[in-house]
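Going line by line, the protein sequences match chains A and B.
Each step along the first sequence adds one to the number in the working numbering, with nothing skipped, and position 161 is 161.
Each step along the second sequence adds one to the number in the working numbering, with nothing skipped, and position 164 is 164.
Simulated from the structure, these hints should not be mistaken for laboratory data.
The structure presented is a predicted model; accordingly, all values stated were derived computationally and were not measured.
A hint or two may mislead.
As the list claims (entries may be wrong) - Quick look at which bits of chain A chain B covers, simulated, 3 or more residues with Cβ under 8 Å:
1. 245-256
2. 413-423
3. 444-455
Unchecked claim - Here are the computed distance ranges between Cβ atoms for each label pair:
4. B/H20 x A/H116: 52 to 60 Å
5. A/A263 x B/R121: 49 to 57 Å
6. A/V69 x B/T30: 49 to 57 Å
7. A/F237 x B/G69: 22 to 30 Å
8. A/A487 x B/D182: 43 to 51 Å
Glycine included, each C-beta is placed from N, C-alpha and C at the ideal position.
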Amino acid sequence: MNNPEHPRTEESPGKPNKPVSLTVAQPDTGNLRHEPHEPPREDLPELFEKRRAIFPQAVHGFYRNVKYVVMAITLGIYYATPWIRWDRGPYAPDQAVLVDIANRRFYMFGIEIWPHEFYFVAGLLIMAGIGLFLITSAVGRAWCGYSCPQTVWTDLFQHVDRLVDGDRNAQARLARAPWGPEKIVKRGIKWSIYLLISFWTGGAWIMYFADAPTLVRDFWSGQAAPVAYITVAILTFTTFTLGGFLREQFCIYMCPWPRIQSAMMDERSLTVTYKDWRGEPRGSVKKAQKDPQHYGDCIDCLQCVSVCPTGIDIREGPQIGCITCALCIDACDRVMAEVGRPRGLIDYVTLEDSKREAAGEPRRLPWRNLVRPRTVIYLGGWSAIGLAMLFMLGTRSHLDLSAAADRNPPFMLMSDGSVRNAYTLKVRNMESRPRALEIALDGLPGAAMWNDEESRNSAARSMRINAAPDATRTVRVYVIAPPETAAQEFRFRLRSLDKEAASDEAQIQFAAPGGQDQ
Amino acid sequence: MKTVANKRIDEPTGTETVGHEWDGIEELDTPMPRWWLWTLYATIVWGIIYVVLYPAWPLLRTGTEGVLGWSSRGQLAQEMRAENQRRAPTLTALSRVPIERLPDDSRLMRAAVEGGRAAFRVNCVQCHGSGAAGGNGYPNLNDDDWLWGGDLRAIEYTLVHGVRQPGVESTRNSMMPAFGRDGLLTPAEISTVADQVLSFSGKAKPTAAGATLYENNCASCHGPQGKGLREFGAPNLADAIWLYGSGKGRIVQQISNPRMGVMPAWGGRLDPVTIKMLAAYVHSLGGGEDFVEVAKDPAVAVDEQP
Ligand code: SF4
Ligand code: SF4
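Using the sequences and the hints given, assemble the complete structure.
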């Protein structure tokens, strides 16, 4: 830290430590030089580190455009999805995506998930996990750089900063300026916009849990459930603080994912890399022109640093603060074009390819990096779960029967010596219409059954019940078998009496006395 | 391990070291982010506000009360009041409906069964068991055998007045003579009549002597065919259910020195609605009888025990 003007450039990886002393003439960023760690005061180091303010500069280029597109798509999906309607007939809600906690249903377009089918949700979560591994091993921290909500909202808020305060320099100037009318007004406007976005974000979230138009009306007329207001308040607050103020602090200190990803990545995962073999030693354009032999391609203009949303210097090598948003690539490519050097000094490249390039070999073909055992295994696992779930979705019956036997007492001896068992049947009608169903005994010769709303006189081998639309019905049934019936297995068969003729069955034990006399 | 007392500033990072060294490895005293510190302060402020608002510090006998006046006990009382209010309409409806009409309203019936299930767990499981399956000497309430009748009204009556309760008006009352203890029959005669009783369910050969003995001593209560008589709570001797056991020894014992069950009169202890709910629950266990069925179906008789 002898050279506070230019910290740590001596440590650029892969190069012998030649003393580099550079003076950079960059009037617009000169006094905003990036200082990874401010030299502490000699007397007493501070116990707590003040957050370094970051004012990323606006940037244009390919990756910036990709980021805009991803941002538009993800925010669009998030805000708009609850408003999509989906006709499910008179008995079910017409919201395309709805997590109906009160009625314990999850609707997603044509799919309707019941609580006992929660494995679909578990499967989706596992797929999301493996998907993240797959993406990370193939194209690095693309999730972090483009589609992580923290990234998307931070990006959004940074645009608000630019809209209200202006670009990097204006932002920094305003931040340093003492509180005055201008600063108060601008901060007021900016934070109001933050708050508006945050509120809208929290509001969109609760739309997923109730009929959106009704909820909006109830919300504004004060009739929505308290949990709705509380949820909106919490999400407004977290969006406001995380998106508005904590930003990269969240990625660096709170998020566990960057710590795990290094295990997902290897030498052949794409990542944002500064090609030190090409850039070092750095020197300003002037110096480089004077002594072209000595200097590398990096003109030390610090554009890459000033556009970085997490405020790091990618030239120090791969680091946890880098979310691989590739904005520094856009910035540096422009610089390279201006000074007439090939683009890609900072590049989206695998570490292995970067080494090959350094040695003068050509890069691998992109698919060679994408298709390798690790990615193939992830993709295999991911698609296997996906296909299995699709198969189950396609073949699942919209009728479900489960049976549980009474355990206390396990069986009952009747006055005529016959044996009676009691069962609780759960019948699920997963169609959005009422249905007539038949439950029949299969096996257990001589047995008959009745349910607890009828009398034993109506005992028969089968009975009819009506199932309400989209509901679970619990039926308690008694099964009576002739004297001397031994313990054995039998089945309940459930069958719908409509034209669809769906069916299900449940196998269960019939308990009987062991023969001892009291 | 060597401990270095004087801390120093680490050159490359500019951070102070903690002051320990292990085999040349030192630990940096990297500062926490400031917002972290502020979060800590915020929790402290929150804690102070909480202590002011809510009960917090235990004192010798009581504790600080907090300015909101909230207490978990008070909250419980409030929730209980709310719950009682919620249940009030159902309970009122239950108190109004005559028990004969209860099955007509399936919603009310279900509520009664659920309420009865809860009351049963508190009051009845000690004798009849948690599954209402009874035990030796305690009637099983799941089966279709009833000593004093198994329709809703009969069950409610038994609950209110109890069985053989001294001092309770119109309690269910009857007595089986102690044929052995009081010397009404000789042991040989008792054995013969026990065989006769067993013959009703095909477990022994009937005899002429046995028939006469039964006719003279037992038929007045248990009926000529041993089908029992509910007026006296006299068990059906011809079915498969035995309250005190079906082996010959057990029957001889019961004739010689009979046991007769008692049941508390719940009319004085539980309110009428609870009793109604209990009746509905017991009736729902699978052996409950219809009102008409009692008269119609002579086969249905008395309660006992497998
Ligand atoms: S933008 Fe490119 S040229 Fe400028 S400092 Fe960064 S790496 Fe060097
Ligand atoms: S170093 Fe480059 S890729 Fe990494 S976060 Fe900063 S701008 Fe994005």
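Going down the list of hints, with the structure as the test:
1. Counting residues of the segment 245-256 of chain A whose CB falls under 8 Å from any CB of chain B gives 4; the rule of at least 3 is met.
2. Only residues whose C-beta sits within less than 8 Å of a C-beta in chain B count toward coverage, and the segment 413-423 of chain A has 7 of them, enough to reach three; the restraint holds.
3. Residue count for the segment 444-455 of chain A with a Cβ under 8 Å from a Cβ of chain B: 3. That meets the three needed, and the coverage hint holds.
4. Distance hint check for B/H20 and A/H116: the Cβ-Cβ separation is about 56 Å, which falls inside the suggested range of 52 to 60 Å.
5. Here the CB-CB span from A/A263 to B/R121 is close to 54 Å, well matched to the stated 49 to 57 Å.
6. Checked against the hint of 49 to 57 Å, the C-beta distance between A/V69 and B/T30 comes to roughly 38 Å, which is inconsistent with it.
7. For the pair A/F237 and B/G69, the beta carbons lie near 28 Å from each other, so the given range of 22 to 30 Å is met.
8. At about 44 Å, the beta-carbon gap between A/A487 and B/D182 stays in the expected band of 43 to 51 Å.
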